[in-house]
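**Student:** Each chain, letter by letter, is given below.
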Amino acid sequence: MMELVLAPLRETYFQKALIGGSVVALVSGVVGCLVVLRRMAFLGDALSHAMIAGVAGGYLVMKLLFGLEAHAPGMLLGSLIAAVATVALISFVARISRVKEDAAIGIMYTGIFALGVVAVSVFRQYIHIDLMHFIMGDILGITDADLWVSGTVACVVLTVLILFFRYFQIATFDPIMAASIGLPVLLLDYLLTTCVSLVVVSAVSMVGVILVVGLLITPAATAYLLSDRLDKMMVLAGLFGVTSVIGGLYVCVWLDSAGGGAIIVFCTLQFLAVWTLAPKYGLLSRWLRLRRLVPQQHIEDILTTILRSRAAVPREAIATYVEIKPKEMTRALRYMLQEGLLAQEGAGFALSPAGEAEANKVLRAHRLWETYLARIGTPREELHATAHQLEHLSQDAAEYLHEQLGELRDDPHGRKIPEMAAQQEPPAG
Amino acid sequence: MGTDSAIAIDVRHLTVSYQSRPALLDVTVAVERDQLVGVIGPNGAGKSTFIKAVLGFVKPDLGTVAINGQPAQKAKGQVAYVPQRGAVDWDFPITVREVALMGRYQQIPWYRNPGHRDRQAALEALEMVRMQDFADRQIGELSGGQQQRVFLARALSQGSDILLLDEPFAGVDAATERAILDVLERAKKSGKTLVVVHHDLSTAAEYFDKLILIKQRLYAYGRPGEVLREDLLSRVYEGRLRIFSDIVHREERP
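Chains as they are written, first to last, in my numbering: chain V, 1 to 429; chain D, 1 to 254.
Heads up, some of the hints might be wrong.
[Claimed, not checked] Here are the in silico distance ranges between beta carbons for each label pair: (1) V:D102 - D:R21: 26 to 32 Å; (2) D:D209 - V:I176: 37 to 43 Å; (3) D:E226 - V:Y190: 23 to 29 Å; (4) D:T28 - V:F92: 34 to 40 Å; (5) V:F92 - D:Y18: 38 to 44 Å; (6) V:H392 - D:Y18: 31 to 37 Å; (7) V:Y13 - D:Y18: 36 to 42 Å; (8) V:V99 - D:R119: 42 to 48 Å; (9) V:D231 - D:S234: 32 to 38 Å; (10) D:R119 - V:A41: 56 to 62 Å; (11) D:T28 - V:A357: 55 to 61 Å; (12) V:S394 - D:S234: 33 to 39 Å; (13) D:G86 - V:V117: 40 to 46 Å.
Think of the hints as simulated: they come from the structure by calculation, not from any bench.
Positions of the beta carbon are idealized from the N, C-alpha and C atoms, including for glycine.
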C-alpha cells in the first residue's frame with residue numbers, strides 16, 4: 001500500500017509534474033479568487049483559447065527574424081500579447097456594438113483560437129507545435145523550461161497580489177469607492193488581467209487549453225464555500241489547488257489516465273465534497289437547517305390550543321387539535337420550551353407569560369378574521385376553518401381588519417376578541 | 001482644508017453632457033458645512049451625474065466643482081461615498097470589521113499593513129453606528145438597515161468631512177429608516193456635511209435641513225419650505241403634481 005504512494009515519487013517525471021503542477025495550481029487558486037468574485041470566469045476561457053494564436057505568432061516571429069527554434073520567452077510574450085488583445089477586443093466589441101459581453105467573449109475567443117489553429121497548420125513547415133499537446137496539456141511530460149516559467153510566473157503574480165492585496169480587495173468589492181479615494185481602478189483591472197494571463201499561459205502546458213479554467217475557478221469556488229474573508233479564501237484556494245494536483249497525479253498514475261483530466265476530475269470531486277459538507281454554505285447544513293426549522297403555523301396552533309383550554313394540556317390532547325406528524329410535534333414542543341413560550345407542568349404544557357401574549361395575538365387575529373368573514377357573507381360553517389388559515393397572516397393584516405370593522409368586542413360566536421397587546425419596541429435594524 | 005469658508009461643496013456653472021444630451025446644465029450651488037442635504041428630482045434628472053461630479057469622476061464640459069476649496073478631481077478621498085444597497089455584492093467574503101477598516105485604506109501606504117490605530121478608528125466608527133457587536137459577521141448576514149449602517153461606518157472611518165449617500169433609504173422599512181436617519185443626525189452633530197440622494201418626496205421635508213431640486217438644471221436650493229413649492233414641483237415633475245399637493249400643504253404649516 002505504502003509502495004503505491006512512494007513508488008511514483010522516485011520517478012523524475014512524477015517529481016517534476018508534482019512540483020510544477022503544485023506551483024501552478026497554487027497561484028491559479030489564489031488569483032482565481034478574484035476571478036470568481038469579479039465574475040470573470042469566462043475571461044479565463046477566452047485567455048486560454050487566445051493563447052494558441054499568441055504562441056504561434058511568437059514562434060513564427062522568433063524563427064523568421066532571429067532563427068530561434070521554439071524560443072520559450074518569445075512564445076510566452078506572444079501569448080501574453082494575444083491574451084491582452086483578446087480582452088481589449090472583447091470590451092471594445094461589447095461597448096461599441098449592440099452585442100453584449102457574453103456574446104463578444106464567445107466571438108473573440110473562438111475567432112482568435114481558430115486563427116491560431118489556421119496559422120499553426122499553414123506554417124507547419126516552420127512551426128513545430130503539437131496541437132493536441134496544446135489542447136490536452138501534458139503534465140507528465142513537463143520540461144525544465146516549463147518549470148522555470150511556472151516558477152517565475154508564480155513568484156511574480158503572488159508578489160503582486162500580496163503587495164496590493166488591499167487594493168485588489170477594494171477594487172473588486174466596491175470599485176466606486178476605490179476610485180473615490182484615488183486608486184487607479186482601470187490600471188488595477190489591467191494588472192489583474194495580466195496576472196490571470198500569466199497564470200493561464202503557464203498552466204496551459206500542464207492541463208491544456210480546455211481544462212485550464214477548471215484550475216482557475218474550481219479551487220477558488222471551493223474555498224468560497226468555506227470562508228467569509230478574502231485572505232482566508234485565497235489561502236484555502238491555493239491549498240485546494242495543490243491537493244487537486246497531488247490527488248489528480250496519483251489517480252493518473254494508478255489508473256494510467258490523462259494527467260490534466262485526472263487533476264480536474266479530482267478538483268471537481270473536491271468541490272462537490274466541500275459543497276455537500278461545508279458547515280455554513282453546504283448542502284447538508286442547509287438541509288439540516290431547513291429540517292430544524294419549526295413552521296410558525298405549528299407554533300401558533302399549539303399556542304392557541306393551550307390558550308383555549310386555559311390549563312396545562314398533555315401532549316396527546318394537543319395532538320388531537322393540532323394535526324401534525326408526531327416528529328414535527330416533538331420538534332415544535334422542544335423548540336417552544338427552548339424559546340420560553342411554554343413551560344412543562346406535570347404531564348402537560350402550560351403557556352409562559354411570553355407564550356400567552358403570543359397566543360392572544362393569534363387568537364385575536366383569528367376572531368377578527370371570523371368577524372370579517374361573517375360580514376362579507378361567508379357561510380357560518382366555514383368561518384372557523386377559513387379563519388384558521390388566515391390567522392397566520394402578519395399582525396398588520398389583523399390591525400387592518402380591526403380598523404375596518406370598527407371597535408368590536410365580540411366575534412360572531414359571541415366570544416370576546418382579545419385586546420391588542422402593548423406595542424413592543426421594534427427590534428433595531 | 002486650506003480654507004476658512006463655510007462652504008463644503010461649491011459647484012459653479014457645472015455643465016456635463018453625454019454625447020449631445022446634457023446631464024447637468026449650468027448648475028450652481030454652494031452647500032454649507034454641517035448640514036443634512038437632500039438631493040431630489042425625478043428619474044434621469046442627473047442626480048447620479050451630480051454625485052459623480054462631486055466625487056470627481058466626470059470631466060465637466062464647463063464649470064467647476066470645489067470640495068473644501070479644492071478642485072474635486074484633486075480632492076480624492078475628501079468625500080466619503082456610501083453606495084446604493086443594490087450596488088454591493090452581499091455574498092462577498094468580507095466581514096463588518098473589514099468593511100469599516102476599508103475606510104482607512106487611503107491613509108495606509110501600500111507597503112504597510114493596517115496598524116493598531118487604523119483598527120481602533122474602524123472600531124470607533126462601528127461603535128458610532130452601534131454595529132460593534134456585529135464586527136465579525138459576514139456582511140450578507142445583516143439586515144438591510146444594519147448593512148447601510150456598516151457602510152456609514154466605513155464612510156465615518158475615512159475621516160472625511162463630507163459624506164455622500166446614494167439612496168440610503170431605498171428598500172428599507174419605516175423603523176429601519178428611522179435608525180438610519182438617527183445615525184445621519186449624529187454624524188451631522190459631530191461636524192459632518194451629508195449629501196443624500198433621496199427618492200421619497202413625502203419624507204424629504206422632515207429629514208433634511210436643505211434640499212437640492214435638480215432636473216438637468218438646478219430648480220431650487222434651500223430650506224424644504226422654499227423648495228417644495230407647488231409651482232417648482234409641477235415644473236420638475238410635470239403632470240404628476242396632484243400627489244404632491246399634500247406635501248406642499250404640510251410644509252406650509254408653521
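**Student:** Each hint should be assessed against the structure and marked as holding or not.
**Tutor:** Status of each hint after checking the structure:
1. V:D102 - D:R21: 26 to 32 Å: Holds - the Cβ-Cβ distance for V:D102 and D:R21, about 28 Å, lies within 26 to 32 Å.
2. D:D209 - V:I176: 37 to 43 Å: 26 Å, violated
3. D:E226 - V:Y190: 23 to 29 Å: 48 Å, violated
4. D:T28 - V:F92: 34 to 40 Å: 38 Å, holds
5. V:F92 - D:Y18: 38 to 44 Å: At roughly 19 Å between Cβ atoms, D:Y18 and V:F92 fall outside 38 to 44 Å, so the hint is violated.
6. V:H392 - D:Y18: 31 to 37 Å: Distance hint for V:H392, D:Y18 is violated at roughly 51 Å.
7. V:Y13 - D:Y18: 36 to 42 Å: 59 Å, violated
8. V:V99 - D:R119: 42 to 48 Å: 47 Å, holds
9. V:D231 - D:S234: 32 to 38 Å: The hint (32 to 38 Å, Cβ to Cβ) is violated, given that V:D231 and D:S234 are roughly 55 Å apart.
10. D:R119 - V:A41: 56 to 62 Å: 34 Å, violated
11. D:T28 - V:A357: 55 to 61 Å: 58 Å, holds
12. V:S394 - D:S234: 33 to 39 Å: About 38 Å separates the Cβ atoms of V:S394 and D:S234, which means 33 to 39 Å holds.
13. D:G86 - V:V117: 40 to 46 Å: 43 Å, holds
The earlier numbered hints that this structure contradicts are 2, 3, 5, 6, 7, 9, 10.
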